[in-house]
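Whenever a hint applies, use it, and build me the whole structure from the sequences.
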Amino acid sequence: MNSVMLWIKELKIMYNVIIIDKINNMPIYFIPLIIIASVQILKLIIESWRNKFTWNHLFSNGGMPSSHSALAASATTIIALEYGAESPLFVLALVFTLVVVWDAFTIRYQLGNHGQMINRLVKELPDNKEYQFPLLIERWGHKASEVIVGIILGVIFTYLLYAL
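Read left to right, the sequence shown gives residues 569 to 732 (my numbering).
Keep in mind that the hints are not guaranteed to be accurate.
As the list claims (entries may be wrong) - Derived CB-CB ranges, DEER-like:
1) K711 with N619: 36 to 44 Å
2) Y727 with V667: 37 to 45 Å
3) L728 with L666: 17 to 25 Å
4) N619 with S713: 52 to 60 Å
5) N687 with Y597: 25 to 33 Å
6) I613 with L689: 30 to 38 Å
7) N681 with I614: 17 to 25 Å
8) W670 with F598: 25 to 33 Å
9) Y730 with V667: 21 to 29 Å
10) F664 with A731: 19 to 27 Å
11) A731 with V659: 20 to 28 Å
12) L703 with I596: 38 to 46 Å
13) S655 with L689: 47 to 55 Å
14) N619 with G683: 21 to 29 Å
It is worth saying that the hints were derived from the structure and are not from the lab. Since we're looking at a predicted model, the values are computed, not measured. Positions of the beta carbon are idealized from the N, C-alpha and C atoms, including for glycine.
Put into structure tokens, the structure is as follows:
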């Protein structure tokens, strides 16, 4: 019986070491996830305000604000707060954020433009040929304002949640 009690006591110690440590480090893991979910919900609200609401926007790319930019900015901000702006991890996160922002603003934006042009060409095909080509998604990337607002929201909300 004593060995069982000792074993339970050891389990409690392990639990405290593992779980409490994880809880103390929670901002690194959960704040960016809270940020991206919040920004996606905000995107739905904005689309509703513009009378363009559809549940598909919750999981779609593009639109105001950029949730990818908010997520990357949030993760970079958390790393700056936890490890300092002079740490190598922060520099790595900053480079990652710049890649995400560049992708959202240039590459995926152009992908959306290409989708629009191809869809126009498909619609000009004769009716018997048009059905052979599915319409492409036209909403992929972001305008500069959408990316900037995403970054600002990511940084500000991260500071606010981190301060809690």
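Taking the hints in turn, this is what the structure says about them:
For the pair K711 and N619, the supplied restraint of 36 to 44 Å is violated, since their beta-carbon distance comes to about 19 Å. For Y727 paired with V667, a C-beta distance near 23 Å fails the hint of 37 to 45 Å. Hint check: L728 to L666, Cβ distance near 24 Å, so the stated range 17 to 25 Å holds. Checked against the given bound of 52 to 60 Å, the beta carbons of N619 and S713, roughly 20 Å apart, lie outside it.
Checked against the hint of 25 to 33 Å, the pair N687 and Y597 fails, with Cβ atoms roughly 40 Å apart. Between I613 and L689 the Cβ separation comes to about 35 Å, which falls inside the hinted range of 30 to 38 Å. Between N681 and I614 the Cβ separation comes to about 22 Å, which falls inside the hinted range of 17 to 25 Å. The hint said 25 to 33 Å for the Cβ distance between W670 and F598, and at roughly 26 Å that hint holds.
Distance hint check: the CB atoms of Y730 and V667 are about 24 Å apart, consistent with the given range 21 to 29 Å. Between F664 and A731 the C-beta distance comes to about 24 Å, which sits within the given range of 19 to 27 Å. The hint said 20 to 28 Å for the Cβ distance between A731 and V659, and at roughly 24 Å that hint holds. A hinted range of 38 to 46 Å holds for the C-beta pair L703 and I596, which are about 41 Å apart.
For S655 and L689, the hinted distance range of 47 to 55 Å is satisfied, since their beta carbons lie about 50 Å from each other. At roughly 23 Å, the beta-carbon separation of N619 and G683 lies within the given 21 to 29 Å, and the hint holds.
In this structure, the earlier hints numbered 1, 2, 4, 5 are contradicted, and the remaining ones agree with it.
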